[in-house]
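Letter by letter, the chains look like this.
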Amino acid sequence: MILYRIVTALFCLFVALPILWLLYAAFLPATAILQASLATWGFSLENFAALAETPIWRAMGVSLLASGLTVLGQLVIGLMAAYAIRSGAPLLGLVLVVLALPAELLMVPLYRQLQLVGLLDTLWALVLPFLASPMVIFLLLQSLRRLPWELVEAARLDGAREAVIIWRILAPLLRPELIAAGILGFAAHWNLVLYPRVMAGVGELQTVQVFLIDLLRNHPLDWGLLGAAALVATLPLLLLYLIFEKRIIEVFEASFK
Amino acid sequence: MRLPRAWWQAAPALLILLLFSLLPLLAVVRYATWDWSGLSPPTPVGLANFRRLLADAEFWQALLTTLYFALLTLPAFLWLSRAIAIAIAGLRLERFVKALLFLPGLITVGGSAIAWFLLYNPDYGLITELTGLALPWNTQPWAGLVYVALFTLWQSTGYGVLVVSAALKGIPEEVKEAARVDGANEAQVRRYIVSLLLRPTMLFLVVLGTVFAIQSYTAVFLLTRGAPFGTTRVVGYYLYEVAFERFQLGYGAALTLVIMLVTLVVAILQARLLGERR
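As given, the protein sequences belong to chains A and B, one line each in that order. Under my numbering, the residues of the first sequence are numbered 5 to 261, in order. Under my numbering, the residues of the second sequence are numbered 362 to 639, in order.
Far from chain A, some chain B residues (derived; all Cβ distances over 10 Å):
id, residue
1, Asp-396
2, Ala-409
3, Leu-433
4, Thr-500
5, Tyr-553
6, Val-567
7, Ala-588
8, Pro-589
9, Leu-635
Computed list of chain A residues with no C-beta within reach of chain B, every gap over 10 Å:
id, residue
10, Phe-47
11, Ala-54
12, Leu-55
13, Ala-56
14, Leu-73
15, Thr-126
16, Leu-127
17, Glu-154
18, Ala-158
19, Val-168
20, Pro-176
21, Val-206
22, Gly-207
23, Asn-222
Distance ranges between label pairs, derived from CB positions:
id, chain 1, residue 1, chain 2, residue 2, range
24, A, Glu-50, B, Leu-424, 44 to 52 Å
25, B, Glu-455, A, Gly-72, 27 to 35 Å
26, A, Leu-155, B, Val-627, 37 to 45 Å
27, A, Arg-150, B, Asn-546, 30 to 38 Å
To be clear, the hints were calculated from the coordinates, so they are not data collected in a lab. Nothing here was measured: the structure is a model prediction, and the numbers come from that model. Backbone N, C-alpha and C fix where the C-beta goes; we use that ideal spot for every residue, glycine too.
Extracted from the complex, chain A is given alone in its bound form (with noise of 0.2 Å):
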């Protein structure tokens, strides 16, 4: 127990030091950086400010608007799908499979098939393959078996339509776990990085993810502007996660309960 305690408190140094770090750097000042000493390490806003001459605006608000679609998509279509399951359709297997095998593992036939329709270097290349999100299904799925089923029956017997049942009593009811499995179905998508590059890469339709790859490799020196440039592209999230983490890590573990 002492040394699975000893471990804990290890790994947790493990995990908040890079971060911690990250969040130093972006506010030092460029000279500190040039004489790489302790003693003149500072306060600076210098880096934000370069960073307003990069496309980092442009890329945020792509992935923003990519991701933001898809996770609206998911959460429509993985609701509806979760109730389906919940209501005996045999599909839970399928769902699994397919967990096993992420779009970027398919990143090959995908890349024929968007080409074909015409879909490479557009918005939808982006959005369209992840609308149906096994983990999203899974999550809500695992939320609705929590919900007594009654409920659902009387709405029946009463006459409800399905997209009654499902948009007026059970999304209400759901509303945390939408929030959750919202939440990580939106990180998930934010962080893809080899498939935005191949899919859509050039110019316009640049992700964040893309644009700090890009940045890493031109300016590797450039810590101060690094740090800036991934602090800012992880605030959407870290907010989110912030606010609303209590509620993302209890549905989680609630699912595997």
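Given chain A, work out where chain B should sit, using these hints.
Coordinates of chain B only, in the frame set by chain A:
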């Protein structure tokens, strides 16, 4: 036969899965028989890609590297997930630790790569600056893979901790109490009761972890791009390199097929083997 009305709600999800998972899955078999650069029209070449695959030393090396990578990450991932979940169970810090460990999985991956680069880079990273220690990540053949493995653990252990922690909470207190009444001490309760009841969860993590290990490439792309000397070129990254940097998409399709088969076979074998031992 009429399907229940509620089942039709799965139609949109099925349509998307059909178009973007099942169709590519089938199509890749056909593309694997092509010589195709991605831009010019493809030419059918029969089984040439598969013959090339069998003789491709880089491919076999990549498979071996993937195995090493799995051996480096999986046992550590499982042990850490379990140890940390047990260590924090019921502590006041539990929520904080979980929130912290889950965080790297949500941080923008490009940002994580930058954070690690700034910290651990051997030429001008913070650790090198402070201690003068040149970390061997890009010079020693063994070290690159360790670096990628550490990054992967950094990113994903939080998920494992949450899954084990959830399972721990699912163990009824009465079961442990009964063992204590029968004279078991805490260590024995942990060893014989908790471990036994955690089995299905650990099995789940083994299978999931293996699937991710076989397909991992993002960390390699972000951190090392296969360097030094190709020692971090895992099979998932090799696929990306072949298809989208050397523009041999036909050969890439053949590789996709093999990786999919390996994933499924390994996952099924594991589920069988570990499931039987229970």
